[in-house]
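Here the protein sequences come in this chain order: A, B and C. Counting along the first sequence from 1, when you hit position 256 you're at 259 in the working numbering, and nothing is skipped either side. Counting along the second sequence from 1, when you hit position 287 you're at 295 in the working numbering, and nothing is skipped either side. Counting along the third sequence from 1, when you hit position 38 you're at 51 in the working numbering, and nothing is skipped either side.
If you're looking for bench data, these hints aren't it; they were derived computationally from the structure. Glycine included, each C-beta is placed from N, C-alpha and C at the ideal position. Check each hint, because a few of them may be wrong.
What the hints assert, rightly or not - Derived CB-CB ranges, DEER-like: (1) A:Glu185 x C:Gly41: 40 to 46 Å; (2) C:Leu92 x B:Asp419: 44 to 50 Å; (3) B:Thr351 x C:Phe22: 30 to 36 Å; (4) A:Asn301 x B:Asn312: 46 to 52 Å; (5) A:Asp42 x B:Asn312: 56 to 62 Å; (6) C:Asp32 x A:Pro75: 49 to 55 Å; (7) B:Lys165 x A:Ser306: 35 to 41 Å; (8) A:Pro75 x B:Arg122: 18 to 24 Å.
What the hints assert, rightly or not - In silico BS3-like cross-links for lysine-lysine, where the CA-CA straight-line distance does not exceed 30 Å: (9) B:Lys129 x B:Lys165; (10) A:Lys117 x B:Lys459; (11) C:Lys35 x B:Lys158; (12) A:Lys117 x A:Lys227; (13) B:Lys554 x A:Lys227; (14) C:Lys86 x B:Lys158; (15) B:Lys475 x B:Lys459; (16) C:Lys86 x B:Lys264; (17) B:Lys526 x A:Lys104; (18) B:Lys158 x B:Lys48; (19) C:Lys86 x C:Lys35; (20) B:Lys554 x B:Lys438; (21) B:Lys158 x A:Lys258; (22) B:Lys438 x B:Lys476.
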Amino acid sequence: MTTQLTTDNPDIVILQSRLQDSDASTRRIALIELADLEDPDSLPWLTHALTADTNAEVRREAARLLEGWEEPDVVEALSTALTDSDETVSEIAAQSLSQLKTAELGHIILRWVKNENPDVRKHAWRALRELRLAASAPDALHALYDENANVRREAVGVLGWLKYTDALPELARLASNDSAIEVRRAATGALGLANNDSVLPALRSALGDAEWQVREEAASTLGKLRLAASGDYLISALADSYWQVRLQAVRALGKVRYIPATNGLLELLGHSISNLRKETALALGELGNPAALPALRNAENDSDPEVRKAVRIALAQLDKN
Amino acid sequence: MVWENFNSIDDVKHIEQEYDIVVVGGGTAGPMAAIKAKEKNPALNILLLDKANVKRSGAISMGMDGLNNAVIPGHATPEQYTKEITIANDGIVNQAAVYAYAKNSFATIEQLDRWGVKFEKDETGDYAVKKVHHMGSYVLPMPEGHDIKKVLYRQLKRAKISITNRIVSTRLLTDDEGAVNGVLGFDCRTADFHVIRAKAVILCCGAAGRLGLPASGYLMGTYENPTNAGDGYAMAYHAGAELANLECFQINPLIKDYNGPACAYVTGPLGGYTANNKGERFIECDYWSGQMMWEFYQELEGGNGPVFLKLDHLAEETIQNIETILHSNERPSRGQFHANRGTDYREKMVEMHISEIGFCSGHSASGVWVNEHAETSVKGLYSAGDMAAVPHNYMLGAFTYGWFAGVNAADYVAERVHSDLNAEQVANEKQRVYAPLLREQGLPPAQVEYKLRRFVNDYLQPPKVTKKMEIGLERFAMIEQDIEQIKANNPHELMRAMEVSVIRDCAEMAARASLFRKESRWGLYHYRVDYPKRNDNEWFYHCHLKKDAHGNMVSFKRAVEPYLIHLNAQEEIAYQGLRLKVANS
Amino acid sequence: MAQQQQSIFFRSNAPVTVDEEKCTAHKGCTVCVEVCPMDLLAIHPETNKAFMQFDECWYCMPCETDCPTGAVKVEIPYLLR
Chain A
4 MTTQLTTDNP DIVILQSRLQ DSDASTRRIA LIELADLEDP DSLPWLTHAL
54 TADTNAEVRR EAARLLEGWE EPDVVEALST ALTDSDETVS EIAAQSLSQL
104 KTAELGHIIL RWVKNENPDV RKHAWRALRE LRLAASAPDA LHALYDENAN
154 VRREAVGVLG WLKYTDALPE LARLASNDSA IEVRRAATGA LGLANNDSVL
204 PALRSALGDA EWQVREEAAS TLGKLRLAAS GDYLISALAD SYWQVRLQAV
254 RALGKVRYIP ATNGLLELLG HSISNLRKET ALALGELGNP AALPALRNAE
304 NDSDPEVRKA VRIALAQLDK N
Chain B
9 MVWENFNSID DVKHIEQEYD IVVVGGGTAG PMAAIKAKEK NPALNILLLD
59 KANVKRSGAI SMGMDGLNNA VIPGHATPEQ YTKEITIAND GIVNQAAVYA
109 YAKNSFATIE QLDRWGVKFE KDETGDYAVK KVHHMGSYVL PMPEGHDIKK
159 VLYRQLKRAK ISITNRIVST RLLTDDEGAV NGVLGFDCRT ADFHVIRAKA
209 VILCCGAAGR LGLPASGYLM GTYENPTNAG DGYAMAYHAG AELANLECFQ
259 INPLIKDYNG PACAYVTGPL GGYTANNKGE RFIECDYWSG QMMWEFYQEL
309 EGGNGPVFLK LDHLAEETIQ NIETILHSNE RPSRGQFHAN RGTDYREKMV
359 EMHISEIGFC SGHSASGVWV NEHAETSVKG LYSAGDMAAV PHNYMLGAFT
409 YGWFAGVNAA DYVAERVHSD LNAEQVANEK QRVYAPLLRE QGLPPAQVEY
459 KLRRFVNDYL QPPKVTKKME IGLERFAMIE QDIEQIKANN PHELMRAMEV
509 SVIRDCAEMA ARASLFRKES RWGLYHYRVD YPKRNDNEWF YHCHLKKDAH
559 GNMVSFKRAV EPYLIHLNAQ EEIAYQGLRL KVANS
Chain C
14 MAQQQQSIFF RSNAPVTVDE EKCTAHKGCT VCVEVCPMDL LAIHPETNKA
64 FMQFDECWYC MPCETDCPTG AVKVEIPYLL R
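Please model the complete structure; the sequences and the hints are all you need to start from.
Next up, the structure:
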């Protein structure tokens, strides 16, 4: 270890010899004590340990302890550590970077999004997501074409959190066509940033995805958007093979108040999964179609109390209309 | 044998310090109180005392897996929330206090979010609020909420709050005008005696979680973190503060034997639910309340019991998600417990039970009375968190009221000087505290605690029977004599000995408060067999309890404050409609 | 001589155990001792390693989770297992 770091901070002075001990676990314990001071004066020692210590355990500890410091030098060191030869060091550094809150610090991280190592790119994008740095959008759009699915997934997150409407066509493309399930699911969720019908075709296609998690995400995103034009697609989702997808479709239909869904919903009032019967009753209340009255009255004696409660709420809503 | 370091009370190291504000308890509300007081006035000297270590103390030592009372714009309103809590608490609420929480709820979430506490967000970065209740949506999951204490600790250190760990606070000091002017306590490792002068004290000591004995018989197998023995309740009581509605006990549904929360708020949005032995739902009540516990208890005791957490109908991916959340947050040893017993969520329902009784306003309504400024009825004394009587405040309410307490205490001390300490109070308490350590022989604290808490179960556990509670009071009086015989072998045991006296005080308060309210209310929490009906004519009141000028424990009625937000007739009816298997109305 | 009070000790199986080869308490680490809310762990004066001194475990896990070397193991106390 080098000894060029100096300080007159007494709390650090007493730790100094242990911070430079030849024994790695002694250095590591000293670092833990140092970080416990939560003193900015300790940062040069921590960043030095992260970037220069020969022992991976010590570097891992430093990466962990540097979490929560919104300082350019710290971000610089953590970003550099994304390329550490020890995979765990880079993962912990990524975790610490993902805790940052100050948008401007994102400029430092942006320098790493084109690194040749896909894990570095993934980690950099993950850290950028919560920063919502507007300047990261153009590169994030490029990263949607990354050969690595994890990188694409994190880039989707960045654009979604930025609510970057210009990305909608690209997000729609990924939602429908990406080869990775998690990318399609995330892109489907990110379409929730839209404020118009432009995303409908993509969400319709996602409702027909081969994987139920994507279909569920599509249905819940349609519920969030409350697009009247989505009613017919949602009706078809009422017949999904997964009750979890049906449930989100039911909720979305309730939010959209799509009257033509009445018959499809009525059929679900008798479904064997009570979670679904409950949501169906609530959605029928939202729809406010008196045609549902006889079936709802019938369901007042459902075996499940949650369903009965939902039915009573729905009946009260229908009474009001 | 007297502890090796002591021969007489003169050997006790006496440490005197002076701070503007002392916060007792560094769990949830305490750190927030300390930080917000310092923000309000950076010139203040603030001390945070903890019986454990602030890094991992309190109810959320291992984090929290979700918020169940988040009032987030677009999903719920403060007015709707206040109505729901009013209903859940059978009308006996100070709406001003509940409403003050509700209006600040979102600001608290944003503050925590800025500090790095992680809440679930959707793919566009919006809070992923889940609908669980029928009226509003208040559930915000925190699948990565395990670091919350780390985040708080960082903020405390950076705000330059003084922290002293491992101090057992035992009594508050009061001056001639009755205002709080200090805290007494001892170090549970060295037995040093601490006298800390303060212009204001904020009690954030958590629930009284070691009141009843868990069904397992294991003393520390409690629902609450067992450090939360009720220290704050006892300290506030002896300082003359009023405690409110203590008869509204805390009883929670939990995983049997493990005694940890089943976390319906985690599993509910994902499709899990509480079921009877037929695998069917049975809970009619919509709110976490005594009514819900009543229904739970009936099912447990009836032919459809036991009660289970049902997850076996969920998709494999969902179950994996639940396992990740439940086994890394709040009570992470759950996974190990289930593995030991061969319980796989995919195949078996998880057997549930109800917890031992306790006081906790965070989950019910039993606490030290505070107003919407977190002020207690004693001048200079503030309180927040599970021990402060703002009904159903949970973790977010603890943070919010910690915030209020910090800001208001900072304002209060700005115009105060330290008042003289009462030497007699200090000397008496020193005698009381060190007696077990100086005794040559005597009863072990754990045995006295076991017996005391078994009596609590025998005589106070609902359904509450007048005669039983009267016998309980006799037994608790006898335990008072036993406490005089406790022998502590070391400072650690001295901590346990002092906790026994705290638990005894709480047991007596629980019995007297329950005997005073001669009606049934709050479902199982206060079901009195001798007065099985709710009686709004005579008992639509808060019931307060305090130590009077003669040192007697007295109970009295306080009018329920006029509502700020009225329930319309339809809401009343809709609510009554939800209560089919009515317990006590 | 009249009867004298006498203490007698119960035996218990510690739910928290420490792998002394991994434990670095002898180098100054006190993480597990610090974080235990119940103050049950201590450094043994002879071995200079962490150990469970009092059996009042809440099986809450910070000692195991926070140990930098993975030396601490928490078992559910036998009465609840």
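**Message:** Could you work out which of the previously given hints the structure breaks and list their numbers from low to high?
**Reply:** The structure breaks hints 4, 6, 7, 10, 12, 13, 17, 21 and 22; every other hint is satisfied.
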